[in-house]
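Visitor: Construct the entire structure; sequences and hints are all you get.
2 protein chains.
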Amino acid sequence: MNATLKTFMSEKRKWFDTQLSLIFQDAPITPKLKQAMRYSLEAGGKRIRPILIFATLNMLGKNENLGLRTAIGLEMIHTYSLIHDDLPAMDNDDLRRGKPTNHCVFGEATAILAGDGLLTSAFQIIAEDRMLELETRTEMISLLASAAGPEGMVGGQEDDIEAEEKTLSLQDLILVHRRKTGKLLRFPVEAAAVIAKVEKEIYSTLVRYAEHLGLAFQIGDDILDIVGDEKKLGKPIGSDVANHKNTYVSLLGMTGAKEKLSQEIYAAIEQLKRINCESSLLNDLALYLLERTH
Amino acid sequence: MNATLKTFMSEKRKWFDTQLSLIFQDAPITPKLKQAMRYSLEAGGKRIRPILIFATLNMLGKNENLGLRTAIGLEMIHTYSLIHDDLPAMDNDDLRRGKPTNHCVFGEATAILAGDGLLTSAFQIIAEDRMLELETRTEMISLLASAAGPEGMVGGQEDDIEAEEKTLSLQDLILVHRRKTGKLLRFPVEAAAVIAKVEKEIYSTLVRYAEHLGLAFQIGDDILDIVGDEKKLGKPIGSDVANHKNTYVSLLGMTGAKEKLSQEIYAAIEQLKRINCESSLLNDLALYLLERTH
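Chains as they are written, first to last, in the numbering used here: chain A, 1 to 294; chain B, 1001 to 1294.
Among these hints, one or two may not hold up.
[What the hints assert, rightly or not] Partial list, derived from the structure: chain B residues whose beta carbon lies under 8 Å from chain A: (1) Lys1032; (2) Thr1120; (3) Glu1128; (4) Ala1145.
[What the hints assert, rightly or not] Listed below are several chain A residues computed to face chain B (Cβ distance under 7 Å; list not exhaustive): (5) Asp116; (6) Gly117; (7) Thr120; (8) Leu134; (9) Thr138; (10) Ile141; (11) Ala145; (12) Ala148; (13) Gly149; (14) Pro150; (15) Ile161.
Note that these hints are calculated values from the structure, not bench results. All values reported here derive from a predicted model rather than from experimental measurement. Here a beta-carbon is modelled for each residue, glycine too, at the ideal position from N, C-alpha and C.
Guide: Structure follows, in structure tokens:
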């Protein structure tokens, strides 16, 4: 990974993780529930979504502080989706980020409630974000709910479940993933664009960058589920095959999937050239997603 | 029930149900997920929370239209909480509002997602409510999330689960219920007060009314779980005893619980006298809660 990006990621991640750990520290929440929420929220992970907010704000010449609470809300929603996705009634996974999944530690009922709690708090944190104007807050909540809700991630998860017994076309698989993982990876770039109040044209260009990046991210995950290192990933590989999931690898083969990944990354980078800003962070972030599968 | 209240409730409920049925009608949501969300959302119920918003707005001389989208968001959150509460990992109930519970019809995975989807959409609907000023929207989202989240309802549900094996004191039981059901019954009165921008003192008085009402509502539910009519309730009675739940009846006996219910109702009504407004709707609503257990 490029040295500048590496420093940026590690510094922002450390800062973000510290801020995140303070959020519920003194909140009057039943101990076991608070523990369950914090267990998954503070389990680490790459924090790729928050980093995307900070990197885009940086590129647009804005203080990264302005995106902090939005980033925390977004990470809460990402985390809740993992907790619910891992439940026995869903993917039934035991391991996540190298640790036993939430329901394995706290039981199913508390895991469901911890997810519900994180999802609810995410919107509260943005509604109360005094760093942002009122109009920015309502727009942010609307965007985030749209990306995470039934027209976005939750809908994509339902599609994904229903697709388990079918073989999808490449077109259909892309549609499922655009909702299931794409919209929540597109949101951070949009969030930064909303905070920076960019012109319409730059907004659309950034959204196209994020859409290519999001698709590449999913293809990368599919590849890593076969050739990845369990220790690095923090979860067992091969679960897609075991769950009869449609993946880019099952549809295109390993070579085809890697080719498609590479296409998407370069399509993302191509978009950045249209914006008259120093965009090396977003450029290198895209290249990093390519790198991690090689 | 008082004739004026009866007309008000039946008219507002009809209006609300019609508006509610339009919300997801044309939304681009995966068919099965949309069906699952609408199944529980449109299963009826007394719509007591929306009615409380409308009745309070009416008392404060405001158009009830101003509270419509907040009422829809609130009912979505109430509905999601019922769907998740009925899951096998939680209360494992088969019947709700006279119909099979969500997971019995659509399966556990889709029921979890339908709940997640309703919870997420609730905030979107308020964030996009053009009838309200931006400041009112952010305050509303903050209030609702606080009432529904880990410091409110979700926390109360966790408390409730943990209390199943213990015998609570009356004081502790009241604390659990203040969060589990109280905060979401207090919210509609607060929401109307926020929309009407009432003075601090009236706000506090209304909140006290709502807190007594919320407690009375829960005591009433506990009583009805023993002496209620299964057909009218739409769910089997006796489930509290079967689940070893702490209830006001188990702690105070039936006579004691009815006495406490009556005390709370008259304490609620007492608050209304402090406000210089025509408050007969809220007055009669309180009396109705007393009536339904007799």
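Visitor: Compare the structure with each hint and give your call.
Guide: Outcome of the hint check:
Checking B/Lys1032 against chain A: minimum C-beta separation of about 6 Å stays under 8 Å; hint holds. Annotation: B/Thr1120 was flagged as interfacial toward chain A, and the flag holds, the nearest CB pair being 4 Å apart, inside 8 Å. With a least beta-carbon distance of about 5 Å to chain A, the hint placing B/Glu1128 at the interface is held under the 8 Å criterion. Contact between B/Ala1145 and chain A, as hinted, is supported at the beta carbon level, the nearest pair being about 4 Å apart and thus within 8 Å.
Annotation: A/Asp116 was flagged as interfacial toward chain B, and the flag holds, the nearest CB pair being 5 Å apart, inside 7 Å. Interface restraint check: A/Gly117 against chain B, minimum CB-CB distance 4 Å, threshold 7 Å, status holds. The closest approach between the C-beta of A/Thr120 and any C-beta of chain B is roughly 4 Å, which is under the 7 Å cut-off, so the hint is satisfied. For the restraint placing A/Leu134 at the interface with chain B, the shortest Cβ-Cβ distance is roughly 4 Å, inside the 7 Å limit, so the hint holds.
Contact between A/Thr138 and chain B, as hinted, is supported at the beta carbon level, the nearest pair being about 5 Å apart and thus within 7 Å. The closest approach between the C-beta of A/Ile141 and any C-beta of chain B is roughly 4 Å, which is under the 7 Å cut-off, so the hint is satisfied. Because the smallest distance between the Cβ of A/Ala145 and any Cβ of chain B comes to about 3 Å, under 7 Å, the interface hint for this residue holds. Because the beta carbon of A/Ala148 sits about 5 Å from the nearest beta carbon in chain B, less than 7 Å, this interface hint is met.
Hint status for A/Gly149: holds, given a least beta-carbon distance of 4 Å to chain B, under 7 Å. Because the beta carbon of A/Pro150 sits about 4 Å from the nearest beta carbon in chain B, less than 7 Å, this interface hint is met. Hint on A/Ile161 holds. Least Cβ distance to chain B is approximately 5 Å, under the 7 Å limit.
Hint compliance for this structure: every hint is met.
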